[in-house]
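Colleague: Chains as they are written, first to last, in our numbering: chain A, 1 to 384; chain B, 1 to 133.
Watch out, some of these pointers could steer you wrong.
[Said to hold, decoys possible] Calculated cross-link-like contacts (lysine-lysine; reagent style DSSO-like; alpha-carbon spacing at most 30 Å): (1) A:Lys-361 x B:Lys-5; (2) A:Lys-19 x B:Lys-86; (3) A:Lys-363 x B:Lys-45; (4) A:Lys-361 x B:Lys-127; (5) A:Lys-363 x B:Lys-86; (6) B:Lys-54 x A:Lys-361; (7) B:Lys-49 x A:Lys-363; (8) B:Lys-102 x B:Lys-86; (9) A:Lys-335 x B:Lys-86; (10) B:Lys-127 x A:Lys-19; (11) B:Lys-129 x A:Lys-363; (12) B:Lys-86 x B:Lys-129; (13) A:Lys-19 x B:Lys-45; (14) B:Lys-54 x A:Lys-19.
Just so you know, these hints were derived from the structure itself, not from any lab.
Treat the numbers as computed from the prediction; the structure is a model and nothing was measured.
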Amino acid sequence: MSELRKTSLNALHRRLGAKMVNFGGWDMPVEYPSSGGLIAEHKAVRGSVGVFDVSHMGDIRIHSGKKPGGALAAVQHIAMNDASKLAIGQAQYSAMLYPEGTFVDDVIVHRLGEDDYLLVINAGTREKDTNWVRESTKELDCVVEELSDAYTQLAIQGPRSAEVAQKLTDADLSTIKNYWFTRGTVCGLKNTLIARTGYTGEDGFEIYVPSDVATSERIWNQVMEAGRAFGIVPCGLGARNTLRLESKMALYGHEISEKIIVWEAGLDRYCKMEKGDFMGRAALERAKAAGVTRTLVGIEMIDRGIARDEYCCCNEAGERIGVVTSGSPSPTLGKNIALAYVPPAFSAVGTVLYVEIRGQKYKAQVVATPFYKRPKKAAAPQGA
Amino acid sequence: MAHPKSFRYTKEHEWLDVKGDLATIGITDHAQHELGDVVFVELPKPGAKIETGKSFGTVESVKAVSEIYAPASGEVIEVNSELQNKPETINSDPHGAAWLIKVRLTNAATISDLMDAAAYEAFIAEKGKETSA
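Start from the sequences, fold in the hints, and give me the full structure.
Modeller: The structure is reproduced here in structure tokens:
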């Protein structure tokens, strides 16, 4: 096995006694017993605030070549949402597609400047994505820069996250809406990117600071200090997964992959067919006419049992009809929930189906998603 | 948490407390720590036969399923039904209140093949070295 990659906070996580796991080739904290473990971390984010090291995420900057407009044309070509709608300082959820209409990866597109974009991509797909962006834009007038290793990315998430983040910066965060970002001085670091984004379904901020160990650890410690009054805890990938699952946010390799098309994943509202041609569009048009054979649904277990990733779904007769893509106990709801691909005939809320667990059928039902929605006060739509 | 000296241990991280031909079986503190928050336990019914090396139940944490392998053969005479409603007891008291099943052993003599507390602690220390290397 090749050596695992490490973020600049790796030594700090180990000093905190985090349980480490291999996540997509990265040695990452899955939970911190010192925070009380996964469920305590999850509840801290839902109830107050938590901080995650998400420096394993990748960053690709696309900016103008010889003439202005080249970067926008490139982003429009490789990603399915409509980046022309973005104001400077705004971000949107989007995805890069293969010509087949299936997923290269999902991304958050940030418009940094007049013709300047930052794509935040997944850790496990960094090289693939970067190669894909370079290859797909080589005929276009733009400059592609991979900046992944330049940044330590911290996610401060939870209903108290704005109060914590505000203590660290001179930028007025009350003016930053969900899926917008700004630049400000953060812990003395000038011109730091602060985005109101996240992967937890809560209000939250992601900050991008230089990735040297000394700076990364200093900022982490200052975030912890700023959050102390709110009971901030370090959170690992375990809580990150249960939080995003409750909020029905897709995870690459699970709900989206090179085998799944946009319509199946239910990400229609982030796919702008009317914006003009883009990679995957023609296939999506054909697929729309043909209709989907499977669709992503949320299910809740009725019988006592936990549906897990890759377990089969079946009908009453025991015939296999689909597959679970992510499944877990939900710490917020106290129920066992899952996302699964099933035929459209099984997708209506209330439909009873079964999950095969260790050779036995366990009853479940289709429920409305997201499983969890944050209280109205701070709620805002995901992306543009 | 210390591993009780009077117990015997397996490489799959179960413990046995043997009195005559009766064995109480649970999972070790090391095992619960590795699993994280336990949320679900599935156990056999009284009267069920368990067989050395075969799975007799599962313990699930939020993120993982772990099979429990029988450290010896025998007949289940009692099951800890409290764990259905309070699976988290496995995290808080793995060597005591969170026992899983009581078994009448087919052959109590086989227990002497299992590790004692000192050997088990040496075993997990060695494993810890491997994974952090």
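Colleague: Hints first: check each against the structure and report whether it holds.
Modeller: Right, here's what the structure says about each hint:
Restraint check for Lys-361 (chain A) and Lys-5 (chain B): not satisfied, since their Cα atoms lie roughly 41 Å apart, outside the 30 Å limit. Note on Lys-19 (chain A) and Lys-86 (chain B): the hinted pairing holds, with a Cα-Cα distance of about 24 Å set against a maximum of 30 Å. With a CA separation close to 21 Å, the supplied pair Lys-363 (chain A) and Lys-45 (chain B) stays within the 30 Å bound. Taking the CA atoms of Lys-361 (chain A) and Lys-127 (chain B), the gap is about 36 Å. The hint is violated against a cut of 30 Å.
For the suggested pair Lys-363 (chain A) and Lys-86 (chain B), the alpha carbons sit about 22 Å apart, so the restraint of at most 30 Å is met. Taking the CA atoms of Lys-54 (chain B) and Lys-361 (chain A), the gap is about 21 Å. The hint holds against a cut of 30 Å. For the hint pairing Lys-49 (chain B) with Lys-363 (chain A), the CA-to-CA distance comes to about 27 Å; that is within 30 Å, so the pair holds. Restraint check: the Cα-Cα separation between Lys-102 (chain B) and Lys-86 (chain B) comes to about 18 Å, which is no more than 30 Å; the hinted pair holds.
Restraint check: the Cα-Cα separation between Lys-335 (chain A) and Lys-86 (chain B) comes to about 15 Å, which is no more than 30 Å; the hinted pair holds. Distance hint between Lys-127 (chain B) and Lys-19 (chain A) is fulfilled; the C-alpha atoms sit about 15 Å from each other, no more than 30 Å. Straight-line distance between C-alpha atoms of Lys-129 (chain B) and Lys-363 (chain A) comes to about 43 Å, which puts the hinted pair past the 30 Å bound. Our distance criterion of 30 Å between C-alpha atoms is broken by Lys-86 (chain B) and Lys-129 (chain B), whose separation comes to about 33 Å.
Taken as a hint, the Lys-19 (chain A) and Lys-45 (chain B) pair is broken in the structure, with Cα atoms around 34 Å apart against an allowance of 30 Å. The straight-line distance between the Cα atoms of Lys-54 (chain B) and Lys-19 (chain A) is roughly 28 Å, inside the 30 Å bound, and the hint therefore holds.
Of the numbered hints listed earlier, those contradicted by the structure are 1, 4, 11, 12, 13.
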